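Which chain is which? The protein sequence lines are A and B, in order. Under this note's numbering, the very last position in the first sequence is 316; numbers go up by exactly one each time. Under this note's numbering, the very last position in the second sequence is 1291; numbers go up by exactly one each time.
Just so you know, these hints were derived from the structure itself, not from any lab. Just so you know, not all the hints are guaranteed correct.
[Claimed, not checked] In silico lysine-lysine, DSBU-like type, Cα no more than 30 Å apart, as pairs:
no., chain 1, residue 1, chain 2, residue 2
1, A, K194, A, K301
2, A, K301, B, K1232
3, B, K1101, A, K301
4, B, K1017, A, K194
5, B, K1017, A, K301
6, A, K301, A, K258
Every value quoted in this text rests on a predicted model; they were computed, and no experiment measured them.
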Amino acid sequence: MTGLSDSGNPVAPPDIPAGDLPEAAVRRLQSGAYSSGLSVPDFAACLELGLEPVALVQGFCVMQWAWYGSGSGYMRGMSPYTFGSGGGGYSETYRCPHGFVSAEHRTWGQNLEQPWVEEAWARGYGTAYTRMIEEATAQGAHGVIGVVDRIGTVADTGTTEFHFLGTAVTVDGGRPPAGGVPWSTYLAGQRLTKSIEAGFMPVAVVASLASVRVWAFCVTEYLMEGQVGMGWGYTGGGPQLVEQVSKAHMAARQLARKHVRRQLVGDELHGATIDVATRELAQGDEVIDCTLRGNRVRRFKDFDPIAPPRPTVRLG
Amino acid sequence: MSTSAPSAPDLRAEMRKGAESLATAAPPSQERGITSDLSVDEALLLHAGGWEPLDLVCGVAVVSVPVGVWNWGRGAISLASDAHNAAVDQAATALRAECGKVHGHGVVGVRVDVEVRTHHIEVALVGTAVRPAHGNDPRGRDAAEAMPFVSDLSARDFTLLLRAGWMPVGLAFGACFVYAPRRTAGTAMRQSTQNVELTNYTEAMYSARESAMERMQTSALEAGGEGVVEVKVTEGPMSFARHAVGFAAWGTAVRLVADEHQFVEPELVLPLDDAVVAFEAQSLRGAGGKR
């Protein structure tokens, strides 16, 4: 996938030159005073771990989405009668059980992974991330903690903004990471402390988007409109499982995990969050976008379980 | 009980050790890394309780609701209720199937998302598959893998439940939709200027509640549970059909696996980080001191 190195870390696409920090940013970063996005308790916990804040680092990237425009070759999936079964990713084709009914009848339908959407998202995410890491690298940081990523639309322009923010740190007396590329984590403060104490070192924040297009065939269309018992093999007057849409939802979540797993390269994913957004583009034409993100961590010592906790009742 | 605290680890040394592990490039690995949506606290507690996370798993089902069922009628809207309960059952089955693929014994911290639309009901369940770290599941490994439990308890509550000698056995769920009976024109006119209870809605709510709770408790018993903990309820009229009220209840069905309930006997703790930070001198004057 675009935006990932062999080790699974997001990297900038080749057309983003390295070391292209704005001049003002370089001046600010060289001023001598550090900045940090950490709260006071997180700041204190950070110093306790021997982490020294270097700078508040950020990365931005605004991407334009162009895939849903009229005339797009991908508007209605890949017809199994003319193109085969899909564009390389996940696809499932459903065929009408009725025979010829009318020219408007949906004789086929498809669940289709949209790799071009996923790659564009990964490009935006990876570029913004790399720009943040680039600022941290310029400061000689070993890692970036308390990472916050915001992904939102830029008002009414049909574009998406990726914004990363975190606090670059150095490890007091510690060695810089291999290749000089700082590690990163969404964690900070006591949660980061507990993760380190438990033997898990952050490697990178990881995320992926899986996008599945649902182009309903006739039976799905009928069921989603409440018209049950409309076809051979789909008889009965009661509620029925809408197989095509259920499978599309499952596929979106499974693909997001598959993409993230590819970035883990044997490491573990902690604190994952999964968000799903569905958009109905037209009747029976739906897009399911699933975003998964979390902390990639590596075990650096044998697991030492904490003592069984003592239950307490808090007074006051 | 001994009060000697364990020695605090040298956090700086641990941090340096962690940094050292990234100072050299890791060899390529084909190992299937663990994924989980547990917080650091939850993961640590789970390990402390002898269990380990395996994989983030999910189950989704979309079930159709036949056209016309929301039209005004009388009594329970059984087709919509059936659709709701079927969607949860199908989603839980898909979740258990994913859990079984990674040899999990159950799923904890399950997030239950339900969307009721006019012609379909969508249920999505997401959680973390877990298993005992040393294989000591009280149900036995084969039985546990054949029928993993589904629980919406957090890993913290799951650990506490185990400590008390109980096990989750499944997600108990019940939903029911009921038509609010029409008032007669005369009743409606008479009540239009009164502050009065609309008993048709109240009774519909009670009816929906009773059926949903009964269904939830039945599903708990079918799963082998003795009771349901952490019950959540949602209720109210449908946004697209105000004359229909819905009630859904769900929680984790549990059963005792120890010989008897293990009392947890919590210690009392008086925290010193009191929220009241300012000393109010006037409080010394007592009630009569106020002027």
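Against the structure, the hints:
no.	hint	result
1	K194/A with K301/A	holds (14 Å)
2	K301/A with K1232/B	violated (40 Å)
3	K1101/B with K301/A	holds (28 Å)
4	K1017/B with K194/A	holds (14 Å)
5	K1017/B with K301/A	holds (9 Å)
6	K301/A with K258/A	holds (27 Å)
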